[in-house]
Amino acid sequence: DTAVSQTPKYLVTQMGNDKSIKCEQNLGHDTMYWYKQDSKKFLKIMFSYNNKELIINETVPNRFSPKSPDKAHLNLHINSLELGDSAVYFCASSLWSSGRARSNEQFFGPGTRLTVL
Amino acid sequence: KQEVTQIPAALSVPEGENLVLNCSFTDSAIYNLQWFRQDPGKGLTSLLLIQSSQREQTSGRLNASLDKSSGRSTLYIAASQPGDSATYLCAVKARETSGSRLTFGEGTQLTVNP
Chain Y
59 DTAVSQTPKY
69 LVTQMGNDKS
79 IKCEQNLGHD
89 TMYWYKQDSK
99 KFLKIMFSYN
109 NKELIINETV
119 PNRFSPKSPD
129 KAHLNLHINS
139 LELGDSAVYF
149 CASSLWSSGR
159 ARSNEQFFGP
169 GTRLTVL
Chain E
2 KQEVTQIPAA
12 LSVPEGENLV
22 LNCSFTDSAI
32 YNLQWFRQDP
42 GKGLTSLLLI
52 QSSQREQTSG
62 RLNASLDKSS
72 GRSTLYIAAS
82 QPGDSATYLC
92 AVKARETSGS
102 RLTFGEGTQL
112 TVNP
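The listed protein sequences correspond, in order, to chains Y and E.
Going by our numbering, the letters in the first sequence line up with residues 59 to 175, in that order.
Going by our numbering, the letters in the second sequence line up with residues 2 to 115, in that order.
Pulled out of the complex, with its shape left as it was, chain E reads as follows (with noise of 0.2 angstroms):
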C-alpha cells in the first residue's frame, strides 16, 4: 500500500528566502507525482506534474525534482512571496490506467512572513 509522507508539516521563513520542501514515499512505482497548493477554504491548485521517466519540472520560482528510486521528491521555492503562504499538498498515481488514485501526503504549511 503506498503512502505518502511530508516535511516539514509547518514552516515559517521570512520573506525571500529560498526554501525546501520534501515528500517522500514508499512503491516506487509511480506513474507520476503531482505537487498541489491549497489555500484556505479553497480547492486544489496544481503546481507541477512530474512523469516518471523525468527529473524534473520547474515553472516560474518553483522547481520540483523526482527520484523514483529512493521514493522522493522536493518541491524548491525561490525567492519566497508573502502570497505563496497556503499548505502545499505532494501526490502520486500509481500507474498509467484510466481512473488510477492519487495518494496524497498530509501537507505543508508554508507560512512567508513579510
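One chain only, chain Y, in its complex shape (with noise of 0.2 angstroms):
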C-alpha cells in the first residue's frame, strides 16, 4: 500500500534521448510535486499541480514537462536529455486543507535516479 509511488527507481540513457518518470499517490491529496535533487544532495522545487492544474513552474528547461492527467498521477517528460539533467527526482503529494493539524504535510516518492551518459 505505497502512498507515493514512482518509476522507473533508476533510469540510465544516451543524451539527446526523451524520458519520463511517472508518479502515482493513493492518499487522495490534490497537490502534486516534483522535486530535482542535485549531486551535492540539494532539494529544489521543480512544478507543482493542484487539481490537475499547473500552480509553480520553477525557472525550468522548458525540455521539462510535466502532465497530469488526474489529481492521482503527474509524470515528467524530459525532452533532449543533457549530462546537467542527471539527478534524483522527487516526487511528492500533500493535501491542501487549512486548518487539520497535518494540513499540507507534503509525502515523498522514493525517487528516480537519473543517469545521462
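Only true hints are included.
Take a look, some chain E residues computed to stay more than 12 angstroms from chain Y by CB distance:
{"hint": "1", "residue": "17"}
{"hint": "2", "residue": "18"}
{"hint": "3", "residue": "19"}
{"hint": "4", "residue": "20"}
{"hint": "5", "residue": "21"}
{"hint": "6", "residue": "63"}
{"hint": "7", "residue": "64"}
{"hint": "8", "residue": "71"}
{"hint": "9", "residue": "72"}
{"hint": "10", "residue": "73"}
{"hint": "11", "residue": "80"}
{"hint": "12", "residue": "82"}
{"hint": "13", "residue": "85"}
{"hint": "14", "residue": "86"}
{"hint": "15", "residue": "113"}
{"hint": "16", "residue": "114"}
Looking from chain E toward chain Y, a few residues come up when the C-beta cut is under 10 angstroms (computed):
{"hint": "17", "residue": "32"}
{"hint": "18", "residue": "47"}
{"hint": "19", "residue": "103"}
{"hint": "20", "residue": "106"}
{"hint": "21", "residue": "110"}
In short, the hints are calculated from the structure, not lab data.
The beta carbon of each residue, even a glycine, is placed where N, CA and C say it ideally should be.
Two chains, two separate frames, one set of hints: put the complex together.
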C-alpha cells in the first residue's frame, strides 16, 4: 500500500534521448510536486500541480514538461536529455486543507535516479 | 527569497547521546516547517511538521521546536541509536495556498556509532 510511487526507480540513458518518469499517489491528495536533488544532495522544487492545474513552474528548461492526467498522477517528460539533467527526481503530494493538524504535510516518493551518459 | 540553512553539515556521535540539529530560515513569514529523514539511496520520510502557530512537536524520541520570529528550528534526538544514522532535512512552506513550495536546507548528515 505504497503512498507515493514512482517508476522507474533507475533510468540510464544517452544524451539527446527523451524519457518519462511516472508518479502516482493513493492518498487522496489534490496537490503534487516534482523536486530535483542534485549531486550535492540539495532538493529544489521544479513544478507543482493542484487539481491537475499547474501552480508552480520554477526556472526549469522547457525541455521538462509535466503532465497531470488526473489528481492522482503527475508525470514528468524530459526531451533532449543533457548531462546536467543527471540527478534524483522526487515526486511528492499533499492535501491543501487549512485548519487540520497536519495539513499541507508533504509525502515523498522513493525517487528516480536519472543518469545521462 | 527564502533561504534555509542547516548546521552542522555533518555530525558523528556515540550511541546513547542526546543531540540537537539546527535549522534557520531568512523569511519568517512561513506557514509551516517540516523535518524529514533521508536514508542513502532512499526517499524522504516526514518526521515532524510544526505549524507556524505552534512552538514544538514531539514524536517518540524526537522533539522539534520552532521560533518563527528569530527564524529558527531545532530537532532534538534523545538517546540516539545507530538506526538514527541518516541525513536530516529541514524545509519551510511559504504560505497557506495549495501547491506552495517547500524550501529545503542542505541537510545534516548524522552518524551514530555503536
